[in-house]
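Asks: Next come the chains, spelled out residue by residue.
2 protein chains.
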Amino acid sequence: MAEIHAKISSCCSNRGNFISYKRANEAMEKSSLLLKYNPVHQKISVPVHNGKPIAESLVILEYIDETWRNYLVLLPQDPYERSMARFWAKFIGEKILITARKVNFTTGKEQELVVKELTQQLKLLDNELKGKPYFAGEAIGYLDIMVVNFLVFRFRNLQEALRINMFTVEKFSIIFE
Amino acid sequence: MAEIHAKISSCCSNRGNFISYKRANEAMEKSSLLLKYNPVHQKISVPVHNGKPIAESLVILEYIDETWRNYLVLLPQDPYERSMARFWAKFIGEKILITARKVNFTTGKEQELVVKELTQQLKLLDNELKGKPYFAGEAIGYLDIMVVNFLVFRFRNLQEALRINMFTVEKFSIIFE
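Those protein sequences? They're chains D and R, same order as listed. Under the UniProt record's numbering, the first residue of the first sequence carries the number 1, and numbering increases by one thereafter. Under the UniProt record's numbering, the first residue of the second sequence carries the number 1, and numbering increases by one thereafter.
The following block holds chain D by itself, in its conformation from the complex (with noise of 0.2 Å):
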């Protein structure tokens, strides 16, 4: 991750103003200024491009392979390739995240049951990392960004918060490897 933070760091500061994240604490969360830039969601991170705001991650990693492609690419040349790196990132965004959210929601045979569909969701995603160094191909891009930054990291915490050890390199050999 230290790799793909450093490449957009450097990408967009040598290419003009575009203002690396806005991370607010808890008195800017509210701020006009945030309201400004994201005044539909008003969520924390708000990156900014010749004074226009770019709202959610898979949009601002689009934003950034389509305006800095030269320096910096993030998706796959082929279109359905690309296809394929949005539709497991949609995979990721709406299925896997959401299920996860429910183990925290859910006990006993409930909870059972969603850590089960939330194997079934991993594994399909496993398989079809097997044999690439990359989702995007030979370089870090948009799908590894998805997977490390909101799977990895997130699973850490969620298996810290509820104790548990199911999600693990040896069950899911290419995630969390």
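Incorrect hints may have been included.
One copy or two, it doesn't matter: identical chains are merged, so the pair holds either way.
In silico BS3-like cross-links for lysine-lysine, where the CA-CA straight-line distance does not exceed 25 Å [said to hold, decoys possible]:
id : residue 1 : residue 2
1  : Lys90     : Lys102
2  : Lys132    : Lys52
3  : Lys102    : Lys52
4  : Lys123    : Lys52
Derived from the structure by calculation, the hints contain no laboratory data. These numbers come from a predicted model, not from an experiment.
Please build the complex by placing chain R on the supplied structure of chain D, with the hints as guidance.
Replies: Frame of chain D, contents of chain R only:
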């Protein structure tokens, strides 16, 4: 909507083996062909191009835009305008439609709160559309398809099912016009 369907059909059928949507009946839903082409979600609509299946509505629209851009433009050319189209498409899919579904499963005071939330979300989208002939600019595109196909049609069904008439052209002058 007929206009965009005609455009896509004409574009794809003239440009090789883009098999139009395989809309499955009950019998086909679990067929080996469907499981082969859409093994993850196993949903009923799977366009196939050059033997490769593409699943998920927004992923399909991005693929059409990138593959046949010389013949059919669905997304704006400018990266910032593209990011806005993607942002609002996600807002429809991940916020408005999910809130709309909750209306079905709630009653009384709880339903009133959900309807209030839905009204606020629709107002945001309606305001965004003001003064634009189409979302993508001067021609029907990606986001118009989302609004018409995923919002207007579903809201008509929702209102009929619940026998309510809350989401009207008087309240949301642009979306339901």
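Asks: Each hint needs a verdict: does it hold in this structure or not?
Replies: Each hint, compared with the structure:
1. Lys90 x Lys102: Answer is both: 18 Å inside a copy and 21 Å across each meet the 25 Å cutoff.
2. Lys132 x Lys52: between (36 Å within a copy, 19 Å between copies)
3. Lys102 x Lys52: Neither, since 35 Å and 33 Å both go past 25 Å.
4. Lys123 x Lys52: Answer is between: at 22 Å across copies they meet the 25 Å cutoff, but 39 Å inside does not.
Going through the hint list in order, the structure does not satisfy hint 3, though it satisfies all others.
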